[in-house]
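Read top to bottom, the protein sequences are chains B and V.
Numbering-wise (the working numbering), the first sequence opens with residue 1 and increments by one.
Numbering-wise (the working numbering), the second sequence opens with residue 1 and increments by one.
For the record, the hints were derived by calculation from the structure and aren't laboratory data.
Mixed in with the good hints, there may be bad ones.
Said to hold, decoys possible - Pairwise CB distance ranges, derived in the manner of DEER restraints:
{"#": "1", "chain 1": "V", "residue 1": "Arg-233", "chain 2": "B", "residue 2": "Gly-120", "range": "45 to 55 Å"}
{"#": "2", "chain 1": "B", "residue 1": "Asn-56", "chain 2": "V", "residue 2": "Pro-264", "range": "32 to 42 Å"}
{"#": "3", "chain 1": "B", "residue 1": "Arg-197", "chain 2": "V", "residue 2": "Ile-128", "range": "47 to 57 Å"}
{"#": "4", "chain 1": "B", "residue 1": "Val-31", "chain 2": "V", "residue 2": "Pro-223", "range": "23 to 33 Å"}
{"#": "5", "chain 1": "B", "residue 1": "Asp-389", "chain 2": "V", "residue 2": "Arg-233", "range": "17 to 27 Å"}
{"#": "6", "chain 1": "B", "residue 1": "Gly-120", "chain 2": "V", "residue 2": "Thr-299", "range": "30 to 40 Å"}
{"#": "7", "chain 1": "V", "residue 1": "Leu-46", "chain 2": "B", "residue 2": "Ala-201", "range": "50 to 60 Å"}
{"#": "8", "chain 1": "V", "residue 1": "Phe-174", "chain 2": "B", "residue 2": "Pro-238", "range": "37 to 47 Å"}
Claimed, not checked - DSSO-like, lysine-lysine: derived pairs with alpha carbons at most 30 Å apart:
{"#": "9", "chain 1": "V", "residue 1": "Lys-310", "chain 2": "B", "residue 2": "Lys-121"}
{"#": "10", "chain 1": "B", "residue 1": "Lys-182", "chain 2": "V", "residue 2": "Lys-310"}
{"#": "11", "chain 1": "V", "residue 1": "Lys-310", "chain 2": "V", "residue 2": "Lys-7"}
{"#": "12", "chain 1": "B", "residue 1": "Lys-182", "chain 2": "B", "residue 2": "Lys-121"}
{"#": "13", "chain 1": "B", "residue 1": "Lys-121", "chain 2": "V", "residue 2": "Lys-7"}
Virtual Cβ for every residue (Gly too), placed ideally from N, Cα, C.
Single-letter residue listing:
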Amino acid sequence: MIITETTGAVDTGRAARRGLFRIMLRNPLNVASMIVLALFALLAIVGPWIVPFPPNLVRPDLVNAPPFTSEFVLGGDLAGRDILSRLIASAQGALRSAAILSVVSFALGVSAGLIAGYFGKLFESISNWLFSVILAVPGIIVLISLYTIVGTSTTLAMAVFGVLVAPSMYFMVRTLTRAVRKELYVDAARVSGLPNRRIIARHVLIAIRAPVILMTAGLAGVGIAVQAGLEFLGLGEPAVPSWGSMLTDAFFNIRLAPEQLVWPAIALGLVTGAFSLISIGLRDALEGTYVKPSRRERSRRIEAVRHGADARTEEARESPPVTHGPEPDGTLLLEIRDLEISYVQRKAITTVVAGVSLTVREGEVVGLVGESGSGKTQTVFAALGLLPDEAIVSSGSIRLGGVELLGMPETEFRALRGPGMAYVPQEPMSNLDPAFTIGSQLVYGLRAQNGCSRTEATEMALAMLERVGIHDPVRVFRSYPHQISGGMAQRVLIAGAAASRPRLLIADEPTTALDVTIQAEVLDLLRDLQQETNMGVLLVTHSFGVVADLCDRVVVMRDGRVVESGPVRDVFDAPKAEYTRSLLDAVLDHAPARGELNTKEVTRA
Amino acid sequence: MILYLLKRAGAGFVIFLTVTGLCYVLYNIRGAEAIARSLLSTDAGLDQIRLKVVELGLDRPLIVQYVDWLGGTLTGNLGVSFASGQPVSALVATRVPVTLSLIAVSLVLTVIFSVLLGVLAASRGGAIDRVVQGLSVVLGAVPSYWLALVLVIVFALGLRWFPATGFVPITQSFWGWAATVTLPALAIALGSTLGLAVWIRSSIIDMQRRDFVRTLRSRGLSPRAIMYRHVLRNAAAPTVQILGLMIINLLGGTIIVERVFALPGIGSLALDAGQRADIPAALGAVTFLVFVIVVINLTVDAANGFLNPKVRTS
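Using the sequences provided together with the hints, build the complete structure.
Here you go:
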């Protein structure tokens with residue numbers, strides 16, 4: 001009943017600034033809930049003036065009167081009171097409960113959360129502990145003991161309950177504040193000498209306002225449900241009508257007039273439903289819910305892409321890439337032709353790879369260079385068949401050893417991963433499953449590839465760990481990913497990829513996330529492995545240094561297109577495309593030697 | 001790992017002290033004489049009331065009373081009921097089977113169906129996903145006693161599949177027990193099942209989009225091995241944590257649902273004893289409920305330690 005799901009990680013204030021309310025208003029359900037709540041609030045305020053009868057007026061002749069037969073429009077209850085009037089009059093109590101609960105939890109949770117998130121340190125440790133204790137207190141038990149003793153003070157009960165639900169507000173505000181605290185503009189405000197009090201009020205509070213308001217709405221809904229629950233248990237003020245006590249009255253009557261249950265149930269369901277819809281709208285708008293597209297939706301998107309290629313594709317067709325001489329001889333290993341990858345979102349088509357062609361031969365190391373967002377990674381994921389579900393490969397061809405990969409059944413494709421081609425990812429730590437030991441992950445992979453026994457696979461994995469330069473393979477084999485360093489993790493991932501002796505190794509920025517000293521070691525390792533097995537390597541990188549060090553040929557990508565390709569030396573010596581030139585110029589070691597200081601110009605300036 | 005569990009057990013004890021201490025204060029807040037008066041007949045004189053206060057030990061300072069009660073409770077002696085003179089432990093023991101049945105059955109229902117629905121919604125997507133999400137909003141919005149009422153109307157009064165009220169112990173007749181427990185357990189479990197299913201769904205989707213899943217796929221692992229071995233395993237740890245939080249709410253639901261189905265459980269003991277100012281009996285009920293919560297939290301912590309190597313190896 002009092003679910004505190006929203007305590008989980010919530011995205012930073014970014015979504016809040018994007019106009020959370022506007023995102024929410026796009027959803028008709030959210031709009032409907034807001035209307036329901038507005039009507040409910042109106043009813044609570046004007047209720048006393050518009051009730052047809054005083055809610056406690058007893059008409060003995062109308063006891064259990066059926067609806068729509070007398071002046072009691074919705075009928076009379078077991079004591080002969082007007083159900084419609086009681087229904088309307090109950091709104092006020094419900095609204096008051098909601099208000100008290102949300103004000104108390106807001107005051108406690110927001111203030112403590114702001115302080116803890118902003119200043120951290122001792123206050124945070126103490127308040128974290130305190131709020132987790134409160135979180136574990138069974139609220140309803142405390143409320144019941146409170147009610148039975150103090151009697152029938154709804155106000156007090158809701159205030160106490162406000163304290164009990166404050167942890168969900170506290171943990172959310174603390175997380176949000178901590179994120180905002182790290183933002184540059186907050187730093188700037190601190191440096192400029194603005195007092196913390198003003199920064200919190202002016203910057204932090206504004207940034208986190210939307211989720212806080214919406215969580216308050218969620219808690220208000222909880223307040224109404226809990227108040228009705230207590231009333232239902234007979235713990236309310238008997239003279240004050242409420243949906244909960246109406247439910248109890250109707251429940252006594254269930255055999256005589258079951259329809260009496262319907263009215264308070266509808267009222268309660270509508271209002272608590274509206275509140276919870278709003279807080280769910282909050283979660284969706286903050287975290288963005290991903291819904292796996294149905295098969296029909298997928299084919300609709302593919303159709304959309306086929307019919308409406310965007311400007312980028314046209315551009316690609318018009319300006320073909322610059323090539324340096326003919327492609328070298330040798331057996332073709334990987335051959336990508338005119339690859340096009342698009343994403344469809346809200347009917348808008350984004351083409352991230354537009355007409356890319358590239359080849360890798362046996363024993364050849366090809367560098368795929370370009371700035372982030374140029375489509376390099378999408379291209380190699382397409383080759384590996386590992387694009388996300390939403391990606392649509394609308395045209396082109398990808399062949400491995402002459403066999404077309406696009407449209408290949410998943411089971412056949414799976415057999416190619418490992419012995420056919422293997423993948424070394426960019427970020428070592430996030431590419432190891434945190435729940436399994438290094439060894440078991442390697443063993444699972446080896447057994448999936450060649451169906452060998454566990455012992456054989458273990459031996460192979462240990463040998464491979466040693467081969468990639470890990471000094472204590474047995475210890476690493478038994479370790480969990482969080483127990484090893486990033487450089488070690490990257491060696492493990494290279495071991496995982498190379499263990500299957502692939503014909504083609506695809507490495508996606510394998511050194512970007514590593515320390516400079518370890519980068520060189522990992523590159524050496526890749527080179528050694530390549531020379532040992534004569535495998536083809538497609539090396540994605542944004543560093544021309546890495547290309548110069550390792551590659552035979554280079555393919556330069558920009559905005560989803562290939563702009564230039566050729567042997568490394570030719571491209572470096574005489575870059576033809578302007579983009580390649582600017583990239584090369586940006587690399588410090590390739591910048592032309594600066595001339596002597598031109599004193600004339602300096603003095604003139 | 002052992003140190004971690006000991007720490008969590010210590011935290012559980014703190015919760016026990018906090019809740020029972022708080023309830024002790026709340027129960028005594030209206031003063032010794034008022035409590036004594038409510039236990040005596042209405043024409044009892046002041047002398048009689050004073051005598052009763054001394055007899056029940058209510059004249060001692062609150063902290064002394066609490067420490068006394070705590071000492072008894074920790075050694076298994078929950079005291080004697082103010083109202084009936086029976087030992088509270090006997091009173092609680094008669095109620096435990098009812099509440100424990102409700103908690104156990106609704107917990108089992110919640111876990112089984114939320115995992116099923118969550119996995120289904122995450123892996124199939126499309127219509128199933130939308131139905132699960134929609135149901136979770138609807139069922140999450142309505143309080144459990146509301147659901148209980150609907151279930152009573154439809155299945156007990158309408159279809160007459162199940163009895164509307166009462167409880168049959170499992171020792172007496174399994175099917176009788178199952179019949180009396182099904183509707184209340186459903187009422188308690190429905191909301192949390194859908195809530196948890198949506199939670200499981202999003203953590204599965206979250207895990208499926210993690211880098212390591214792609215890397216495992218690149219090594220030729222089958223989708224089934226990835227889903228059942230790696231994705232579910234990684235989604236389990238946060239799910240268990242949320243389940244722990246939900247159980248506290250589930251207990252609150254139990255107390256109210258017991259009332260709807262007129263079940264003689266711990267919840268009704270807490271309510272009745274509280275209203276009659278039978279402090280030892282009420283505290284006995286609270287102690288049992290808090291004990292259940294602490295045990296469940298410890299189980300959750302142990303499960304978390306088992307599922308999360310970072311916790312286990314530190």
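Verification of the hints:
1. The given range of 45 to 55 Å is broken by V/Arg-233 and B/Gly-120, whose C-beta atoms sit roughly 33 Å from each other.
2. A C-beta distance of roughly 33 Å is found between B/Asn-56 and V/Pro-264, which places it inside the suggested range of 32 to 42 Å.
3. Distance hint check for B/Arg-197 and V/Ile-128: the Cβ-Cβ separation is about 51 Å, which falls inside the suggested range of 47 to 57 Å.
4. A C-beta distance of roughly 39 Å is found between B/Val-31 and V/Pro-223, which places it outside the suggested range of 23 to 33 Å.
5. Range check, B/Asp-389 to V/Arg-233: about 21 Å between beta-carbon atoms, so the 17 to 27 Å window is met.
6. As the Cβ distance of B/Gly-120 to V/Thr-299 is approximately 32 Å, the hint placing it in 30 to 40 Å holds.
7. Between V/Leu-46 and B/Ala-201 the beta carbons are some 57 Å apart, a value that agrees with the proposed interval 50 to 60 Å.
8. At roughly 42 Å, the beta-carbon separation of V/Phe-174 and B/Pro-238 lies within the given 37 to 47 Å, and the hint holds.
9. Taken as a hint, the V/Lys-310 and B/Lys-121 pair is honoured in the structure, with Cα atoms around 24 Å apart against an allowance of 30 Å.
10. Taken as a hint, the B/Lys-182 and V/Lys-310 pair is honoured in the structure, with Cα atoms around 26 Å apart against an allowance of 30 Å.
11. Restraint check for V/Lys-310 and V/Lys-7: the C-alpha separation of about 16 Å stays at or below 30 Å, so the hint holds.
12. Proposed proximity of B/Lys-182 and B/Lys-121 is supported: the alpha carbons are some 15 Å apart, at most 30 Å.
13. Note on B/Lys-121 and V/Lys-7: the hinted pairing holds, with a Cα-Cα distance of about 21 Å set against a maximum of 30 Å.
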